[in-house]
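> This is what each chain is made of:
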Amino acid sequence: MTVRVQRDDFDLGAELAALRAGRTDIGALVSFTGLVRDSAGGDAVSGLELEHYPGMTEQALAKIESEARDRWPLQACLIVHRWGRLLPGEQIMMVATASPHRQAAFEAAEFLMDFLKSRAPFWKREHGPAGAKWVDARNLDEAALARWTKPR
Amino acid sequence: MTVRVQRDDFDLGAELAALRAGRTDIGALVSFTGLVRDSAGGDAVSGLELEHYPGMTEQALAKIESEARDRWPLQACLIVHRWGRLLPGEQIMMVATASPHRQAAFEAAEFLMDFLKSRAPFWKREHGPAGAKWVDARNLDEAALARWTKPR
Amino acid sequence: MSLRVLYFAWLRERIGVPSETVDTGAATVADLVAELRTREERYALAFSDLRSVRVAVDQELTGFDAPLAGAREVAFFPPMTGG
Amino acid sequence: MSLRVLYFAWLRERIGVPSETVDTGAATVADLVAELRTREERYALAFSDLRSVRVAVDQELTGFDAPLAGAREVAFFPPMTGG
Chain Z
1 MTVRVQRDDF
11 DLGAELAALR
21 AGRTDIGALV
31 SFTGLVRDSA
41 GGDAVSGLEL
51 EHYPGMTEQA
61 LAKIESEARD
71 RWPLQACLIV
81 HRWGRLLPGE
91 QIMMVATASP
101 HRQAAFEAAE
111 FLMDFLKSRA
121 PFWKREHGPA
131 GAKWVDARNL
141 DEAALARWTK
151 PR
Chain Y
153 MTVRVQRDDF
163 DLGAELAALR
173 AGRTDIGALV
183 SFTGLVRDSA
193 GGDAVSGLEL
203 EHYPGMTEQA
213 LAKIESEARD
223 RWPLQACLIV
233 HRWGRLLPGE
243 QIMMVATASP
253 HRQAAFEAAE
263 FLMDFLKSRA
273 PFWKREHGPA
283 GAKWVDARNL
293 DEAALARWTK
303 PR
Chain W
305 MSLRVLYFAW
315 LRERIGVPSE
325 TVDTGAATVA
335 DLVAELRTRE
345 ERYALAFSDL
355 RSVRVAVDQE
365 LTGFDAPLAG
375 AREVAFFPPM
385 TGG
Chain E
388 MSLRVLYFAW
398 LRERIGVPSE
408 TVDTGAATVA
418 DLVAELRTRE
428 ERYALAFSDL
438 RSVRVAVDQE
448 LTGFDAPLAG
458 AREVAFFPPM
468 TGG
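Chains as they are written, first to last, in my numbering: chain Z, 1 to 152; chain Y, 153 to 304; chain W, 305 to 387; chain E, 388 to 470.
Everything labelled a hint here was simulated from the structure, so no lab data went into it. Values in this document were obtained by computation on a predicted structure and should not be read as measured data. You may find that some hints are simply not true.
Said to hold, decoys possible - The calculated lysine to any residue pairs, modelled on SDA-like cross-linking and capped at a C-alpha distance of 20 angstroms, are: (1) Z:K63 - W:A373; (2) Y:K215 - E:D445; (3) Y:K285 - E:G450; (4) Z:K63 - W:E364; (5) Z:K133 - W:G367; (6) Y:K285 - E:E400; (7) Z:K133 - W:R355; (8) Y:K285 - E:F434; (9) Z:K133 - W:G320; (10) Y:K215 - E:P466; (11) Z:K133 - W:L365; (12) Y:K285 - E:V440; (13) Y:K215 - E:T408; (14) Y:K215 - E:Q446; (15) Z:K133 - W:P382; (16) Y:K285 - E:R399; (17) Z:K133 - W:T325; (18) Y:K285 - E:E447; (19) Z:K63 - W:G367; (20) Z:K63 - W:S356; (21) Y:K285 - E:P466; (22) Z:K63 - W:L365; (23) Z:K133 - W:F351; (24) Z:K133 - W:R318; (25) Y:K285 - E:D436; (26) Z:K63 - Z:Q6; (27) Y:K285 - E:V404; (28) Y:K285 - E:Q446; (29) Y:K215 - E:R401; (30) Y:K285 - E:T449; (31) Z:K133 - W:E364; (32) Y:K285 - E:S439; (33) Z:K133 - W:S356; (34) Z:K133 - W:T328; (35) Y:K215 - Y:K285.
Claimed, not checked - Computed spacing ranges between beta-carbons, pair by pair: (36) E:S389 - Y:A166: 43 to 49 angstroms; (37) Y:R221 - Z:R85: 29 to 35 angstroms; (38) Z:L140 - Y:G174: 56 to 62 angstroms.
For glycine and all other residues, C-beta sits at the position ideal for the given N, C-alpha and C.
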């Protein structure tokens, strides 16, 4: 299974090493890691709370991952997403894609991120000096999805 | 210095960990790793030889890296490129980009790769059952550069 | 029909529970929302602007016109902010 | 003028040396290439199709029309294949 939803942190280097371990057919390995920032829109952020929908989350991620594999010649594909309370600087999630060629690896990683942002059932709450507030979805994120619906 | 040209292998996980160590302002970390494939165009590849132009290589990479920093709000940017003899499965090079936002990190990493492919003085020679042959530059790689010359 | 209804993020906060069992004859999600709205003020408040509410039936994202026949679980939540 | 001239990849192989010192009065890279071509068969061979040759003057990529005044190092090589 190449989709994981977990409370614990993950080891980015170990995950990437595992993806290519023992293989000699991969030409390009792309990774994206999302991290908790200490500010958002000018306000200080002291922590992040990630709520998710157990059951649906795993299904949604598996579906996104499977669609990426259908669209690009991927030799490996991984999504790890955390939930719970996180501090600034902590890792929130990662995706990794491996392919013979760089363009496929890059495109698939961006595709996974665009879908994760708006189609995986996670909700972020930021804690700051003025209390906690739910993060609004960005129109930009919704718009980013549109580019993948064009026929390839 | 965030550009390195070396014979020895590098530790991808350690490089990525170092980029974000002690920081809480990074939102997105993208990495690309190029690996030696065991085949090319249907022919088996038993190894790769990477020749480069010492002196110019470092300058060219520093220039590419500096241009990426000018174009995108990058908090960290790293290029590591190896030379010498490599076996299938080995790491050839990596780039990593860190930014507050994912789109900048992705774009900068793709930009670095497109320029590295055609503007950094490296030449690859593949070893196979029929002997060794120099890898031809791909028109595709030259074309990939064009997208970055449009005004942003 | 007995449905398990879940709420996430600020919908959970406004309604005050993460999940509940609802006995309803609603044919669609929209019907269910209308029924909940009339039930108590907190539901009316939570569902006051449906443009900022998303729905999943049996863990699949869908629209408010989705039928509920055979459904076991309905979830309401704001637009997602993963990644 | 004494120039250090470098060759890489198959240009190095065809010419047979990685670098050499060339005494020349060539005004441009193109003049230098023309001069080398007349010198020996191996140069004529290496420079037979300039579409597949790139040039750097003092470690900066440039064109064949680049002037050599003040230059110390000229390098010839095939299109690059890094990454």
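> Give a verdict on every hint.
Now the hints, each set against the structure:
1. Z:K63 - W:A373: violated (24 angstroms)
2. Y:K215 - E:D445: The hint holds at about 15 angstroms.
3. Y:K285 - E:G450: With Cα atoms ~26 angstroms apart, K285 of chain Y and G450 of chain E exceed 20 angstroms; violated.
4. Z:K63 - W:E364: holds (11 angstroms)
5. Z:K133 - W:G367: violated (26 angstroms)
6. Y:K285 - E:E400: Holds - the C-alpha atoms of E400 of chain E and K285 of chain Y are around 12 angstroms apart, at most 20 angstroms.
7. Z:K133 - W:R355: Since the Cα atoms of K133 of chain Z and R355 of chain W sit roughly 19 angstroms apart, the hinted pair holds (cutoff 20 angstroms).
8. Y:K285 - E:F434: holds (19 angstroms)
9. Z:K133 - W:G320: holds (17 angstroms)
10. Y:K215 - E:P466: holds (18 angstroms)
11. Z:K133 - W:L365: violated (24 angstroms)
12. Y:K285 - E:V440: Distance ~17 angstroms between K285 of chain Y and V440 of chain E Cα, so the pair holds.
13. Y:K215 - E:T408: Outside the cut-off at roughly 28 angstroms; violated.
14. Y:K215 - E:Q446: holds (12 angstroms)
15. Z:K133 - W:P382: holds (13 angstroms)
16. Y:K285 - E:R399: This hinted pair holds, its Cα atoms lying about 14 angstroms apart.
17. Z:K133 - W:T325: Violated, at about 28 angstroms.
18. Y:K285 - E:E447: violated (26 angstroms)
19. Z:K63 - W:G367: holds (18 angstroms)
20. Z:K63 - W:S356: violated (24 angstroms)
21. Y:K285 - E:P466: holds (14 angstroms)
22. Z:K63 - W:L365: Satisfied, since the Cα-Cα distance of roughly 12 angstroms is no more than 20 angstroms.
23. Z:K133 - W:F351: Holds, at roughly 19 angstroms.
24. Z:K133 - W:R318: holds (13 angstroms)
25. Y:K285 - E:D436: holds (18 angstroms)
26. Z:K63 - Z:Q6: holds (18 angstroms)
27. Y:K285 - E:V404: Holds - the C-alpha atoms of V404 of chain E and K285 of chain Y are around 18 angstroms apart, at most 20 angstroms.
28. Y:K285 - E:Q446: violated (25 angstroms)
29. Y:K215 - E:R401: Roughly 30 angstroms between the alpha carbons, so the hint for K215 of chain Y and R401 of chain E is violated.
30. Y:K285 - E:T449: The given pair, whose Cα atoms are some 26 angstroms apart, is violated under the 20 angstroms limit.
31. Z:K133 - W:E364: violated (26 angstroms)
32. Y:K285 - E:S439: holds (15 angstroms)
33. Z:K133 - W:S356: Holds - the C-alpha atoms of S356 of chain W and K133 of chain Z are around 15 angstroms apart, at most 20 angstroms.
34. Z:K133 - W:T328: With a Cα-Cα distance of about 33 angstroms, the restraint between K133 of chain Z and T328 of chain W is violated, given a limit of 20 angstroms.
35. Y:K215 - Y:K285: violated (29 angstroms)
36. E:S389 - Y:A166: 43 to 49 angstroms: holds (45 angstroms)
37. Y:R221 - Z:R85: 29 to 35 angstroms: holds (33 angstroms)
38. Z:L140 - Y:G174: 56 to 62 angstroms: Between L140 of chain Z and G174 of chain Y, where Cβ atoms are some 29 angstroms apart, the hint is violated.
Violated hints for the displayed structure, listed by number in ascending order: 1, 3, 5, 11, 13, 17, 18, 20, 28, 29, 30, 31, 34, 35, 38.
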